[in-house]
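Undergrad: Produce the entire structure from the sequences given, and follow the hints as far as they go.
Heads up: the sequence shown is residues 3 to 220, going by the working numbering.
Don't take each hint at face value.
Claimed, not checked - Once the Cα atoms are required to be at most 16 Å apart in a straight line, the calculated EDC-like pairs of lysine to aspartate or glutamate come out as:
#1 5 with 87
#2 182 with 137
#3 15 with 87
Treat the hints as calculated values from the structure; they're not laboratory data.
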Amino acid sequence: MWKYSAAASPLPKPAGYVGPNGYFQYLQTVGQAGPHGRVFGYKTINTDALGWIISRVTGKAVTELLSERIWSRMGAEQDGYMTVDGLGTPFAGGGLSAGLRDLGRIGQLVLNGGHLNGRRLFPPEVTRNIAAGGDKRAFAAGYSGLPGSSYRGMWWVYHNAHGAFAARGVHGQTIYVDPKAAMVIVRLASHPKASNAANDPTSLPAYQAVADYLLAKP
Numbered sequence: 003m004w005k006y007s008a009a010a011s012p013l014p015k016p017a018g019y020v021g022p023n024g025y026f027q028y029l030q031t032v033g034q035a036g037p038h039g040r041v042f043g044y045k046t047i048n049t050d051a052l053g054w055i056i057s058r059v060t061g062k063a064v065t066e067l068l069s070e071r072i073w074s075r076m077g078a079e080q081d082g083y084m085t086v087d088g089l090g091t092p093f094a095g096g097g098l099s100a101g102l103r104d105l106g107r108i109g110q111l112v113l114n115g116g117h118l119n120g121r122r123l124f125p126p127e128v129t130r131n132i133a134a135g136g137d138k139r140a141f142a143a144g145y146s147g148l149p150g151s152s153y154r155g156m157w158w159v160y161h162n163a164h165g166a167f168a169a170r171g172v173h174g175q176t177i178y179v180d181p182k183a184a185m186v187i188v189r190l191a192s193h194p195k196a197s198n199a200a201n202d203p204t205s206l207p208a209y210q211a212v213a214d215y216l217l218a219k220p
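TA: Pasting the structure below:
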């Protein structure tokens with residue numbers, strides 16, 4: 003983490019620094035931790051690597067693509083911002099700053115299968131792919147905090163009776179999507195512990211309770 007921070011910092015590098023400069027140079031120094039597909043391990047750096055691939059394929063920064071294909075077309079109320087390194091490269095692994103209602107629009111867009119405000123932004127197969135989830139056995143082998151869950155397409159999939167899934171950030175930040183209840187919950191949080199394992203025992207039952215309440219309404 004310290005090497006990553008040193009490479010990405012927008013501040014001038016200290017005298018004698020010989021490490022990588024920027025996110026992309028740092029990514030080239032990281033090796034494979036083990037065989038692919040056997041044990042789940044959430045690594046922010048993988049999302050950043052995906053952002054690099056997207057940029058190489060399209061010739062555009064992640065920020066440009068997000069603005070062109072999603073933000074400007076979904077009726078966002080506010081600008082979104084992303085953390086950048088000293089070279090101006092966006093950090094795809096985290097650092098997105100957005101208003102609560104716009105994050106809610108992201109959740110609603112996914113819930114609706116890519117359709118929002120009379121416009122289709124991506125095909126419904128995207129949502130179906132996420133909701134199907136990933137390899138639960140590999141997930142359980144590497145993450146014990148969410149029994150019966152999996153990870154797919156950057157979303158945590160709970161495989162509960164409602165088919166719920168969520169985009170999760172550090173310190174409790176969440177976009178929670180419950181298809182059965184047709185519900186999206188956005189939580190902006192600053193829990194003292196970064197890991198969501200610290201607040202899942204209270205947060206997840208609370209989300210479920212809201213969904214149950216909505217379903218029980220006449």
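Undergrad: Against each hint, give a clear statement of whether it holds in the structure.
TA: Each hint tested on the structure:
| no. | hint | in the structure |
| --- | --- | --- |
| 1 | 5 with 87 | holds, 13 Å |
| 2 | 182 with 137 | violated, 22 Å |
| 3 | 15 with 87 | holds, 12 Å |
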